[in-house]
Every structure is written in C-alpha cells, then in structure tokens.
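Chains as they are written, first to last, in this note's numbering: chain L, 1 to 289; chain Z, 290 to 608.
Keep in mind that the hints were calculated from the coordinates and are not lab data.
Check the hints yourself; a few may be wrong.
25 Å max Cα-Cα, derived SDA-like pairs, lysine to any residue [to be verified]:
#1 Z:Lys-441 - L:Arg-63
#2 Z:Lys-441 - L:Ala-192
#3 L:Lys-48 - Z:Asp-445
#4 L:Lys-223 - Z:Pro-474
#5 Z:Lys-441 - L:Trp-65
#6 Z:Lys-441 - L:Asp-60
#7 Z:Lys-441 - L:Ala-235
#8 Z:Lys-441 - L:Arg-59
#9 Z:Lys-441 - L:Gly-41
#10 L:Lys-223 - L:Pro-204
#11 L:Lys-48 - Z:Leu-455
#12 L:Lys-223 - Z:Ile-539
#13 Z:Lys-441 - L:Leu-268
#14 Z:Lys-441 - L:Trp-71
#15 L:Lys-223 - Z:Leu-397
#16 Z:Lys-441 - L:Ala-34
#17 L:Lys-48 - Z:Trp-482
#18 L:Lys-48 - L:Asp-236
#19 Z:Lys-441 - L:Pro-66
#20 Z:Lys-441 - L:Leu-36
#21 L:Lys-48 - Z:Phe-451
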Amino acid sequence: MSDDRGRGIVSDIDRRRPWVRRPLRLIQGILLLATLLVGLGPILWTAKGALSPTQDLLRDPLRLWPSSVEWGNLSTAWTDLRVGHYLLNTVVLVGGSWFVQLFVAAAGAFALSVLRPRFGRLVYGAVLATLFVPGSVSLVALYLTVLDLSLVNSPWAVWLPAGAHAFNVLIMKQFFDALPRELYQAAQVDGAGPIRLFWQIVMPMSRPILAVVSLLAVMEGWKDFLWPMVAISDADAQPLAVALPRLAETAEQNTVIAGMLVAIIPPLVLFLVFQRHIVRGISFTGLKG
Amino acid sequence: MTTSLRRARQVRPHVGLAAPASRPAADRPLRHRRRPRLAGWLFLLPMVLVFGCFAWWPILRSLVLSVQYTNLVDPPTWVGLDNFSNLLADPLLWTTVRNTVWFVLLALVFGFPLPILLSVVMSELRRFSGLFRVLVYLPVAIPPVVAVLMWKWFYDPDFGMFNQVLGVFGLGPFPWLQDTATAMPSLVLEATWAASGSTVLIYLAALTSVPGELYEAAEIDGASIWRRVWHVTLPQLRGVLLIMLLLQIIGTFRVFTEPFVLTDGGPEDSTVTILLLIYRYAFINGDYGTAAALGVLLALALGVISAVYLRLTRKWSRT
Chain L
1 MSDDRGRGIV SDIDRRRPWV RRPLRLIQGI LLLATLLVGL GPILWTAKGA LSPTQDLLRD
61 PLRLWPSSVE WGNLSTAWTD LRVGHYLLNT VVLVGGSWFV QLFVAAAGAF ALSVLRPRFG
121 RLVYGAVLAT LFVPGSVSLV ALYLTVLDLS LVNSPWAVWL PAGAHAFNVL IMKQFFDALP
181 RELYQAAQVD GAGPIRLFWQ IVMPMSRPIL AVVSLLAVME GWKDFLWPMV AISDADAQPL
241 AVALPRLAET AEQNTVIAGM LVAIIPPLVL FLVFQRHIVR GISFTGLKG
Chain Z
290 MTTSLRRARQ VRPHVGLAAP ASRPAADRPL RHRRRPRLAG WLFLLPMVLV FGCFAWWPIL
350 RSLVLSVQYT NLVDPPTWVG LDNFSNLLAD PLLWTTVRNT VWFVLLALVF GFPLPILLSV
410 VMSELRRFSG LFRVLVYLPV AIPPVVAVLM WKWFYDPDFG MFNQVLGVFG LGPFPWLQDT
470 ATAMPSLVLE ATWAASGSTV LIYLAALTSV PGELYEAAEI DGASIWRRVW HVTLPQLRGV
530 LLIMLLLQII GTFRVFTEPF VLTDGGPEDS TVTILLLIYR YAFINGDYGT AAALGVLLAL
590 ALGVISAVYL RLTRKWSRT
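Take these sequences, add in the hints, and give me the full structure.
Here's what the structure looks like:
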C-alpha cells in the first residue's frame, strides 16, 4: 500500500514473468493465512473464550463459535474479579509513568541540547551509560532503594524509576539538536527566557517526537510485569497484568479469559489508531530492546 | 555610553548567527544574554535526580550488596566474597546457567532468521503490505502476561489448541510444558511469537534505505532474485542485523515472564532462568546479597559478551 521507494529486489520485468508472478502470489496467500492465524488467531481465541461457558473450553476446545454467547462473563469479571479496579490501577500507573518519562526526558534533553550547562556533556554521558546496564540486573538494589525511600506499594515506586529511561533522552536530544539553532537565538534576542523558550518554541515544534515517546512509553508501561509485581506487593494496588496470573490460579476460567480480553483491548486500540506513529517510532528508534 | 554598550553587544557572535533576519540586527532591541547556567541546571535537575536515584545508585548499590549480608531486619554486615562462593556452590546455579544459555541459543535459531525472512518477503509484496504490518505486530501489542496466559491454554495437554489440532492428524498428545525435554523449546516458541513483530518492523524500515540502483545493477549483471537477496539485501542490512543479534542475545538472557508464569521453573528445574533465580533468592528466600551477586555476575557476563561481540564484528560491520 505505502510503497514509497523506487524498486525492490524483484523488478517490474521479473513480476511479468510467470515463474516469478505465480510463486509471489502463492507466497502472498500463504503469508496472509499464516499471519491471520498467528497474529489475529490468539486474539479471536481470547474473545471467543471470554464469551463462552467454561464447559466449551474443556469439552470442545476447537469450537469456532461459543455454544451460547455469555456477555455476563465480562460483567462477572469486571465486578467479581475486580478487573475494572485492576484496570484502573494499570491506567494510573501507566499514566504517571508516561508523564514522568516525558517530563524528565523533555526537560533534560532541552537543557542538554539548548541551554548546554557546564558539565552537561558529562551528565549526558552518564545517562547514556545506563543504556549498557540492563535494568533488570539491578532489580534487587532498585527494590531496596525504593524500600528506603518508603515508596513500596505507592504508585511512585513505578512512576519514578520509569523516568530513568535513557532512550527517551537520547532520541529527544537528537530531535532538539536537529532544530535550527537560529530559532533559539532569535527567541532569546526577542527576550524569551528559558522557560518560554522551552514551552512556546521547542515544545510546539516537538509534537512528532513527543507523540513517539508517549506511544512507546504507554505501550511499554502497559506491558510491564516484573517491576510492578516486585514494587507493589499490596494485591489491592496491583495492575491488571500482575493480578491476572494470581486470578488465573483460583477463579472461573472463562472470567479470567474475559479479564485477559479487557487487558488486551486498550493497547490494541492504541496500536490500531496510532499504528503509523508506532511503526515510525519503532523503526527510527530502532534500538528498542 | 549606552550606545557604545549596544554596539559592543551587537558584535557578539550569537547575534550574527540569527541568519535570515529581515531587519538589520541593529534595529532590534537587544538584551544582554547571560549564559543561562542556573536555568540549564534547573531543567537538568529532574533527570539528574531520577537517574541518580533509580539508575546510577542501584547499579552502585548492587556492587555493595553483593559483598554484604542483608536481611532488611539487622544492619547489613560485610561478608566479602561469601555471597559469590555460596552462589557458585549452589548446584541450581549451574542448571540455571545451562537453561538460560539453552534458551538464548534456541531463541536465536528460531527467532533470528524468522524476522529477516518475513521482512524481506513482506517488502516485496505489493498488496496488503499495510495489513501485513498490522498482523505481524499484533502479538507485540498484547501484554506479555496475557500472551503467556493464552499460551498456557494452547499448551494444555488435554484441552490445549495444539494437541487438539495435532490430534486431528493422529499425532500426540504431546506433554509440551510438562516434560523436561520440551518445556524450554515451548517457552522459546512463545517468546519468538511474542517478539518477532517489532524486529520485522525495524528490518522493514532498514530495507527501504537499500538503494534501488544496487538491485538495478545486480539485475543488469544477470543476478537472479536469490542472488540479489544474498549479495545485495543481506550485506546492505548487516549493520542493523548485527545490532539486532546482540540486542536479542542480551534480551533473551534476561527472560523472566515466560518461565515465571508458564512453568515456574519446572518441571524438575528445567526452565529456571537466571532472572527467575535472582527473583527467588531475593523475594522468596530474602537473601538479597546472593541475589545481587548473581545480578552483578549477569551484568558482567553480558558486558563481556557485548564487548567480544562488538570487537569480533567491528571489521565486518564497516567494510
């Protein structure tokens, strides 16, 4: 659909040859079937499982359509398993992490790129160095640090460590570096202080990068599991992702699957709505581990 | 006097840089521009605080913790390298290292070529390319815990999708997660499914930067489609391929969610991975020192692997 480059491996002349055209069509068909099955299949399975009686899952797992559509599973999951409550916890954790990441990275990158304080390069180097130490390696020490600051079970235990994300700083700084420097100087000459420069000149011009960082932050926050599980031991404050495996041990299976469906829908909708930005974000950050 | 000061400011270099000014710089009211050091540090402060408390401090603290005995009740005591010797004496450590390396190798065998193949094929298809991108990325959009819980159902020996479908062809039933031989490959299959989508998108982006003239020239020289892939596409992608390979190795060494939720390290410890062992030491046994020591060893191992890898591939990625 969006074929923006001149030519690829297979040329137009190749495409007219039957021994190229036919296999290409075949591959296209196979790939379509395979990606539908592998990409969409599990989501449809979850949707079906969420609306089926548990008996369906056990007696006839290959059923394509529920023997009786039970919308009630969703409301049972919402109220009895408190999926709604955990979903709200997730939203609060992800929202706060998003804000902290954006604030820290935008302000920091602005200082490094535009204001350039003394020792800024040193700070930048130290920030980038954390890219090389995988976060989960210092998991235990991070936990004890959060414990010392008595943040355990508070959303800050998730929000603040989320801000220490060197990648955001890196791509924001690169973006700010590419903005024309004359602009800053013109604004300064016109009497704009650093805060106005940040808020009225740089931020409005940075919408594309803010969108990319925001989407990646939200998608990542929604996926987080190990750290929220460690940092928030109070079952009542846990996000949905942490609560689901616990619920899966005890609760009625079709309501657990209904809960899984609820956990899938927000990131899925976000992806489908913003897929162009996300695709662009992934491809130009590239390094996302 | 004021005019002379004005004049002096006008020759400051930053004024001259405001290039496309329509008015001459002299007409503009100029303010003395101090180098905004204070403001610079104020804007930098949140970053320094957050990275200081939640990145640099935990890294340093890991090193300290690894030579201490800490149980959170009594004050920590220095124990030298006792944590490390305890760790090395734990037979589970070696099982864990073996399991993790096995996971990493299997994930490379399954997970490294697949996105390359998919992205090269997808980049050549003219129809539905947007749809393919969405479909391939869908598994990545699903939260890992939910994905793992789904696959727990698929792998169920009695009611699972896989055994049901294979049963139609008279195969199985297979024990999947219940057997020490198949448990780890089953985890790898799930992990590959979950991770491939974003790698495909990265490769697709990299493929668009391969100059079409190279294919043109190869075609004129009579290179077949396969030879064009082998001699043009793959060499052109080698930079991103080398980085992604390293990132995949580093990423898979830290696998946690799959073994934690799918198998909890079983059966018979055949899927205990390093991060799962760190978790158990710290949050099940309360032995934070040993957990930190294992974390330090993992960081060292990953550092050495990265350094060796980058050194070995340096020549190759440049020429």
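Hint check:
Between Z:Lys-441 and L:Arg-63, the direct Cα distance comes to roughly 18 Å. Compliance with the 25 Å bound is thereby established for this hinted pair. This hinted pair does not check out: Z:Lys-441 and L:Ala-192 have alpha carbons roughly 58 Å apart, beyond 25 Å. A C-alpha spacing of about 17 Å is found between L:Lys-48 and Z:Asp-445, which places the hinted pair at or below 25 Å, so the restraint holds. With a C-alpha separation of about 23 Å, the suggested pairing of L:Lys-223 with Z:Pro-474 holds against the 25 Å cut-off.
With a C-alpha separation of about 21 Å, the suggested pair Z:Lys-441 and L:Trp-65 falls inside the 25 Å cut-off, and the hint holds. For a cut-off of 25 Å, the pair hint linking Z:Lys-441 to L:Asp-60 stands: about 17 Å separates their Cα positions. Restraint check: the Cα-Cα separation between Z:Lys-441 and L:Ala-235 comes to about 23 Å, which is no more than 25 Å; the hinted pair holds. Note on Z:Lys-441 and L:Arg-59: the hinted pairing holds, with a Cα-Cα distance of about 17 Å set against a maximum of 25 Å.
A hinted pair counts as satisfied when its Cα atoms are at most 25 Å apart, and Z:Lys-441 with L:Gly-41 qualifies at roughly 15 Å. A C-alpha spacing of about 29 Å is found between L:Lys-223 and L:Pro-204, which places the hinted pair above 25 Å, so the restraint is violated. For the proposed pair L:Lys-48 and Z:Leu-455, the alpha carbon gap of about 21 Å is at most 25 Å, so the pair holds. In summary, the hint linking L:Lys-223 to Z:Ile-539 is supported, as the alpha carbons are separated by about 19 Å, within the 25 Å threshold.
Proposed proximity of Z:Lys-441 and L:Leu-268 is supported: the alpha carbons are some 21 Å apart, at most 25 Å. Restraint check: the Cα-Cα separation between Z:Lys-441 and L:Trp-71 comes to about 24 Å, which is no more than 25 Å; the hinted pair holds. For the suggested pair L:Lys-223 and Z:Leu-397, the alpha carbons sit about 23 Å apart, so the restraint of at most 25 Å is met. Restraint check: the Cα-Cα separation between Z:Lys-441 and L:Ala-34 comes to about 21 Å, which is no more than 25 Å; the hinted pair holds.
For the hint pairing L:Lys-48 with Z:Trp-482, the CA-to-CA distance comes to about 21 Å; that is within 25 Å, so the pair holds. With a C-alpha separation of about 28 Å, the suggested pairing of L:Lys-48 with L:Asp-236 is violated against the 25 Å cut-off. Proximity of Z:Lys-441 to L:Pro-66 is assessed by CA-CA distance (about 20 Å); at most 25 Å being required, the pair is judged to hold. The hinted pair formed by Z:Lys-441 and L:Leu-36 meets the criterion: a straight-line CA distance of about 20 Å does not exceed 25 Å.
A threshold of 25 Å between alpha carbons decides the hint, and for L:Lys-48 with Z:Phe-451 the separation of about 17 Å falls inside it, so the pair holds.
Going through the hint list in order, the structure does not satisfy hints 2, 10 and 18.
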